[in-house]
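Undergrad: Chains as they are written, first to last, in the working numbering: chain Y, 95 to 577; chain G, 95 to 577; chain U, 95 to 577; chain L, 95 to 577.
Rather than coming from a laboratory, the hints here were simulated on the basis of the structure. Careful: at least some of the hints might be erroneous.
What the hints assert, rightly or not - Away from chain U, derived, C-beta distances all over 12 Å, residues of chain G: (1) E171; (2) G220; (3) D269; (4) D270; (5) L305; (6) K329; (7) W359; (8) S500; (9) W560; (10) D575.
To be verified - Where chain U lies over chain Y, by a calculated footprint (3+ residues, C-beta under 8 Å): (11) 109 to 117; (12) 140 to 146; (13) 396 to 406; (14) 491 to 497; (15) 546 to 554.
Ideal Cβ positions, reconstructed from N, Cα and C, are used throughout, including at glycine.
4 protein chains.
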Amino acid sequence: MLMTGQEYLESLRDGRKVYLGKELVEDVTTHSAFRNAAQSVAMIYDRKRATENRDIMVSKEDGEEFSTYYLMPKSREDLERRFETHRRIASWTYGLMGRSPDNFPSYATGLAMRPDLFDEVRPGFGDNMVNYYKHMRTNDIFAAHSVTNPQGARRPGVVEPSPEISPTLKVIAEDDNGVIVNGLKMLGTSAVFCHETWIGNLQPMSPGQELESITFGVPLNTPGISIWSRKPFEKFAVSEFDNPLSWRFDESDSAILFENVKIPWEKVVCHNNLEMTRNIYMSSPGHALANHQANIRFFEKLKLIVGVAGALVEANNVGHIPAVQGVLGHLAAMLASLEGMIMGQIQSGEEHAAGYHTINRRYMYGALHWCSNNHSQICDMVRELMGGGFFQMPADSSVFEDAAMSETFEKYWSVQGKTAKERMKLFRLGWDLLGSEFAGRHMQYEKFYAGPGHVMNLYSYFNCPWDDLKGLVDEIMSGYDAP
Amino acid sequence: MLMTGQEYLESLRDGRKVYLGKELVEDVTTHSAFRNAAQSVAMIYDRKRATENRDIMVSKEDGEEFSTYYLMPKSREDLERRFETHRRIASWTYGLMGRSPDNFPSYATGLAMRPDLFDEVRPGFGDNMVNYYKHMRTNDIFAAHSVTNPQGARRPGVVEPSPEISPTLKVIAEDDNGVIVNGLKMLGTSAVFCHETWIGNLQPMSPGQELESITFGVPLNTPGISIWSRKPFEKFAVSEFDNPLSWRFDESDSAILFENVKIPWEKVVCHNNLEMTRNIYMSSPGHALANHQANIRFFEKLKLIVGVAGALVEANNVGHIPAVQGVLGHLAAMLASLEGMIMGQIQSGEEHAAGYHTINRRYMYGALHWCSNNHSQICDMVRELMGGGFFQMPADSSVFEDAAMSETFEKYWSVQGKTAKERMKLFRLGWDLLGSEFAGRHMQYEKFYAGPGHVMNLYSYFNCPWDDLKGLVDEIMSGYDAP
Amino acid sequence: MLMTGQEYLESLRDGRKVYLGKELVEDVTTHSAFRNAAQSVAMIYDRKRATENRDIMVSKEDGEEFSTYYLMPKSREDLERRFETHRRIASWTYGLMGRSPDNFPSYATGLAMRPDLFDEVRPGFGDNMVNYYKHMRTNDIFAAHSVTNPQGARRPGVVEPSPEISPTLKVIAEDDNGVIVNGLKMLGTSAVFCHETWIGNLQPMSPGQELESITFGVPLNTPGISIWSRKPFEKFAVSEFDNPLSWRFDESDSAILFENVKIPWEKVVCHNNLEMTRNIYMSSPGHALANHQANIRFFEKLKLIVGVAGALVEANNVGHIPAVQGVLGHLAAMLASLEGMIMGQIQSGEEHAAGYHTINRRYMYGALHWCSNNHSQICDMVRELMGGGFFQMPADSSVFEDAAMSETFEKYWSVQGKTAKERMKLFRLGWDLLGSEFAGRHMQYEKFYAGPGHVMNLYSYFNCPWDDLKGLVDEIMSGYDAP
Amino acid sequence: MLMTGQEYLESLRDGRKVYLGKELVEDVTTHSAFRNAAQSVAMIYDRKRATENRDIMVSKEDGEEFSTYYLMPKSREDLERRFETHRRIASWTYGLMGRSPDNFPSYATGLAMRPDLFDEVRPGFGDNMVNYYKHMRTNDIFAAHSVTNPQGARRPGVVEPSPEISPTLKVIAEDDNGVIVNGLKMLGTSAVFCHETWIGNLQPMSPGQELESITFGVPLNTPGISIWSRKPFEKFAVSEFDNPLSWRFDESDSAILFENVKIPWEKVVCHNNLEMTRNIYMSSPGHALANHQANIRFFEKLKLIVGVAGALVEANNVGHIPAVQGVLGHLAAMLASLEGMIMGQIQSGEEHAAGYHTINRRYMYGALHWCSNNHSQICDMVRELMGGGFFQMPADSSVFEDAAMSETFEKYWSVQGKTAKERMKLFRLGWDLLGSEFAGRHMQYEKFYAGPGHVMNLYSYFNCPWDDLKGLVDEIMSGYDAP
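Please put together the full structure from these sequences, using the hints given.
TA: Structure, rendered in structure tokens:
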């Protein structure tokens, strides 16, 4: 089944509890803090099934049609289809919504290629995983994952002095039907717009955290779940003209609180297993497929950033200056580098799970490292090109509502080839991308997208063929001895 | 005369025209977009004359008391007094208000040490400069400078296709009493809170721009002047708890529009002189004294940034991790480096203007370069320490108005040694400093504080003793020849 | 014809004039400054025709066998064959010889795909280009290019005050048979080991430089040509143990002086054409194919660098330290990034010249930019891991010739798991790679491999699809207007 | 007593055992690997007592004259005298000899200000320290310290599987007269040219290393001591013209081996004390005074580097290019920054040891951090300016011995305003500074001058006034509560 945008919006009116400060949001699809972002997701639902995109973005198996991001790839062509599906979805939000509907499904698709991993934890968990994947695929589910524990609460031994103060979600009881979980899970990006959330752990666990290793998917309207949204930037967008990106693309983040929520066994895929709660992502193609999507999403965002850089240069009439061309060239080189790194993942696909052909993990981790390590510098280069443009503009677009002011504004603020309004429009966009609170969240988001810096390093460290590389050293040195 | 804070506030109700979009602001001291920042300036006025600060911050000459930032320094002790005066003022706003009342006065003080420079332009202009300085000093005037031309309009030959479209302020008529000026001037930081603005040029001028070289001081309530404020962040501060810095310290930026404003000759210090309109700042100690203040202001801000870094580490219980200590140590080293660079300016003072002892220019430009080149990286390091803390917190502090929610919040969000509320308070502060729109403006502000990057390089390039340095090379090479 | 290593060495005894300071080198294959590097090239000749490599590295057309780097690619498979050919050659010298026998041939192959470009300059030049390509391919020629003008002499108008002081190679006469050229050409890397050199221009030319636009290939033993070698590091290698890389892999650089050398027309492919002397490389796939080889060569070198980093960490017993793992992980991520960027060039091949399928230029320029911008940092990271190891070792390996000293050395310098000799061997290798004069030349070489930094930026600037990127900005902004 | 250069040279002929590989060096003052550097030290001895320098560089106490670097400072003027003394010494070797005769004496001077620290370890050790200081001062001794343990041997528990394999110097026996020590100590920079070496520990020690905590000074000709020099670059300097810096300024590094050396108690200042063997440097002004010298030494070196950058730009006729001016300006800013940081240490002197006035530690550690963190980038910027100049020059200066070649060389390699020989001379100097093996050692040396990067961070971390900084955060937050 391929949901329409309208069906998607309706499906969100499901009784979920979303809190904005003390306010309980009745309907996220109409609330001024969320409605436009909800429309953006609905737009994705509509477009991915539209005629012009079906060839690529809809796949079929056993007579069932589903979004191509659920396709288990077996060939280079499958990888190219997945790539193009991710790319189009990302392009529709200019890469600004990280947990779009194709992100977690890429995890789920990869996880479901290795049911044996889950059966190792407990026989039957493998079926649970495959069924969950099929459930998502068949029902065109939008789920995102919450796989991080609350900050400041991560040191075993230090935290949780008493059973009542237990910030981190864990199992507090279990019976034949399932488990009861209690506690917080972070960082529910997009949770407000998702049907379900996937609970698990991406960071290493320590002995004593066994009950936190529980892993499952759950609908967000399940009794006992509440979604505590961070400050929503859409709410503070002055107008679309003044904040064109915050207006439509704030995917939101939330703490998700579970107050004694019952999870049936058939939704559980890991329990009481410190190793496997994390390893399932790496030992299956799940982590690789999902972060391949992240690379592509970042790439589409980078296109916008570089495009804005080019437009700002044009608007400021500085494109003839060699140093400015140099900065643009540097940005262009970075864009091409990332694109190359992504295409290389397809060129050098691998059989990570038996019977499947998935993207090259090592290059993907290289690209992931590149993205999180270069985002700040990229933004800083564009800030350099932006100069003080935003600060020279009126406080907001209400200036156009007053004919006399509007005229004065045009008279003094226009430059050759650009009206004052065009310039203001562009600087508003540039600022929303690089200077606004929405932009500030992106600075933080990209830096921590797949974990803190040292984790980014370790992904590449552990995937590096050290024996081959040190073999080169031995090879050289074996050719001679001291005289 | 040393104004009280109350007198200062009253003096702003002077009929000035401030626009917020289409809205004409009646009284900046009470308007929700500006009132707290106005109070912050008033606080500076009160404190600098308070008993505990008078020894340092008030100076006396010919029986007249004035703020020490008007002191023309003649000794190391004078420089130390100026330093401490700037430092205290900066500390009261944590370095977040760049154009505090001691910034432009430092320019004026330096300019007035060299009346001869102005007399070169036109006899009598030297007296004008000295009189303007005395006027400011005697009346405890808060003025700031607007010495940049509108972006995109800076290429002679390209801009101004017709006389009507003239974005850049210039003289359009003159008579025996003075000149008439028309056009825009940027970037009126703090203009909303100033008594007067200083109009001039800090960037190089090209032939054809002679009429733009006009330089003068003018009260901001002069008929024909309007102040077009950029988006004010104070207006969007949710509460002091939620945005403690935007709440009080948004100094604002504005485009200042002059529509046929009459400037009497006695206020003019430069006219029709492309070279001198800029050189007066460098050939006198003006630029050096004002940017020395900027160094000190940045230093006080850096103390807050590093302090927040330390507090975040503590709140997240990660202070025991060597890599985290390393980041803090790196920040601490940078703080000490900058402090050293500033104190060195005092240690190696110089006689830039005959009869005066001013700070070492070369070190000041080095420090200025350091600040604008390192600010982004510093912020990025603290972002790394901040992690996702802000995003894990409720949308706003209204959560504390609901007892049940407040209790749930404490139960799940608190960590050992910190209540949830304390943590939220800290993360709000950290975010306002590094992630909010207020923070985004600071990213741009520090990068361009004293001009774009290449200008920062050139200040040091032109002040470098190249002959001495190349002399070292010659010295070595003179000691030998080819065998 | 595929030359053997022995045939190659013999072919270098051709009467060429190579100067080492004032010394005329009689035979580069036996001289202590060059013999080992000559052997390294001979090794490449032998290995590329060896049984185990023929499948990939030898191609056939019209019954003629030739090195695969002369293959004009028409499919992804051809690009994969070229890639693997370059990779193996680079691996045999650990990427330390930049102008290996497959470098310039890649230019020549690309140039010969577009004879029409040369015919534009002068009818018949197209045939000359194709014939030169065939000559090289058929005779297994090792040629390298000298396409840079002498430093300090590049400003037209400034240089050449008199006709006698003409550092830059140019045509000084022409007749029916050909042209006479005079002057210097840089930077003849590998020239000492090449059969021929290709003379041309990669930097932009200015009016007045028409006679310098001459482009041709010429055997290096042609009368009037002399090769002035820079300081050869092989000559100063203490022993293979002490300098294992300088010992074998110093490809050398030389200024090539032409004193009235006659070049027949059939070898000339450009003359009197400021645009085309440079554009032939960009308008044909020449520049792209050759710099694709450069990417691969750098990649193999990077493998050695990262391998040495891993081995140093092991030798110093610091592999358990998280920060050290982080540095290794960072290096591993960079290695994977570059590999991905290269494979992406194959995945996204393009029809740059009609009828051929060549690598993706844009990604190649991205990778080239990446290499020249990251090499210093990479080396610096490994220096950090290397510490003072080299300095703790004896002056040279003669210590092993004295039994008592050798015993003392083992007693005090060995560590658990490594003899002192093994450690010294490794540190010698690390130092030769990162600290020696050979290493110093590589620092400079990689930075300027394909031109100075601003040229690297411009390659990407000019290949960037700016219209598409700015189109994204227009697309967003077209969706809304001021309220 | 103030030694003459001649006396100094004679004093080195003292029977010391210096090994170059297997070769025992008979006389370091005449051996081709060391003689010129020995002359450079002798030059320092001569100049510091020369008439024109006595005022500053010679101090007097109780009728005794001594080098000012032994002055225990009690005022700003004393600090200024010390600064200028260090600066002149550094300037004579362009900052290229790190352990000049004023380096360790600065440690000793600081240590002797706190005899109480040593008496804590064992009563009487305080007197030993003071006596050692006086001995050095009175006899104008050149000593340097060896306070690092061999690499790879630093993990207790891992190393030293048997008592015979004990790389790290430790006490193996003690009696009433003193201790017997055995093992290696690193990294004896300048040891070859010193009268004595100081043995101790600057890195943290772990339990089990008690016997390694021994700290003492000892003449280098003491029986049982041998000095194993690393590869000497002076030996491989082709000529002064070809390697002007390696020729004269290779201070050398050595492993110092103690084979059962007897140290009398009166020379011992620490024993069996893991804490104090390291803390003596930090708890006294020793570390601060010595690293202040290091800052100044680096500053003088930076002057040469920046001077060479300026000269290269001139020689290449590129000084008119804005981007090149920008790079020079950036370098100039860095030079001024460091100079400022050093002068600030004097401006903000402190009473670290009771009764003395020493430099500001915090700024010194900031500057030290700055130097080790910026040296690579600085060199890289100059490499960018240097281009391929070195590689375009003949192999060595023998070219000038052949009249015909010399003429050809001038004819083709000269540029407007510079003879070919002048250019070669400059490029030789630039290369020796930035590309030679001597330069490679400096890359490593500056990076590790005062320890690895994380140690640099920690020095600043531990000296940072965290309470004050976090107090600012508390101060802000104390001013408001949730609404």
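Undergrad: Against each hint, give a clear statement of whether it holds in the structure.
TA: Comparing the hints with the structure gives:
The beta carbon of E171/G is kept farther than 12 Å from every beta carbon of chain U, the shortest such distance being approximately 45 Å. Every Cβ of chain U is farther than 12 Å from the Cβ of G220/G; the closest lies at roughly 43 Å, confirming the non-interface assignment. Every C-beta of chain U lies more than 12 Å from that of D269/G, the closest at about 41 Å, which supports listing it as non-interface. Even its closest Cβ contact with chain U, about 45 Å, leaves D270/G beyond 12 Å, as expected for a residue assigned away from the interface.
Non-interface call for L305/G relative to chain U: holds, since the shortest CB-CB distance, roughly 33 Å, exceeds 12 Å. Interface exclusion of K329/G from chain U stands, the closest Cβ pair being 18 Å apart, more than 12 Å. At roughly 42 Å from the closest C-beta of chain U, the C-beta of W359/G stays outside 12 Å, upholding its exclusion from the interface. The Cβ of S500/G sits about 38 Å from the closest Cβ of chain U, beyond the 12 Å cut-off, so the non-interface label holds.
Distance check for W560/G against chain U: the nearest CB is about 19 Å away, which clears 12 Å, and the non-interface claim stands. D575/G, annotated as away from the interface, keeps every beta carbon of chain U farther than 12 Å; the closest lies near 16 Å. Figure legend: the segment 109 to 117 of chain Y, annotated as covered by chain U; annotation inconsistent (0 residues with Cβ-Cβ distances under 8 Å, at least 3 required). Counting residues of the segment 140 to 146 of chain Y whose beta-carbon sits less than 8 Å from any beta-carbon of chain U gives 0, not enough to reach three: the coverage restraint is violated.
Under a criterion of three residues with beta carbons nearer than 8 Å to beta carbons of chain U, the stated coverage of the segment 396 to 406 of chain Y is upheld, 7 such residues being counted. Only when three residues or more bring their CB closer than 8 Å to a CB of chain U does the claim for the segment 491 to 497 of chain Y stand; here the count is 4, and the claim holds. Closer than 8 Å: that is the beta-carbon criterion, and the segment 546 to 554 of chain Y has 7 residues meeting it against chain U, so the requirement of 3 holds.
Hint compliance for this structure: hints 11 and 12 are not met, and every other hint is.
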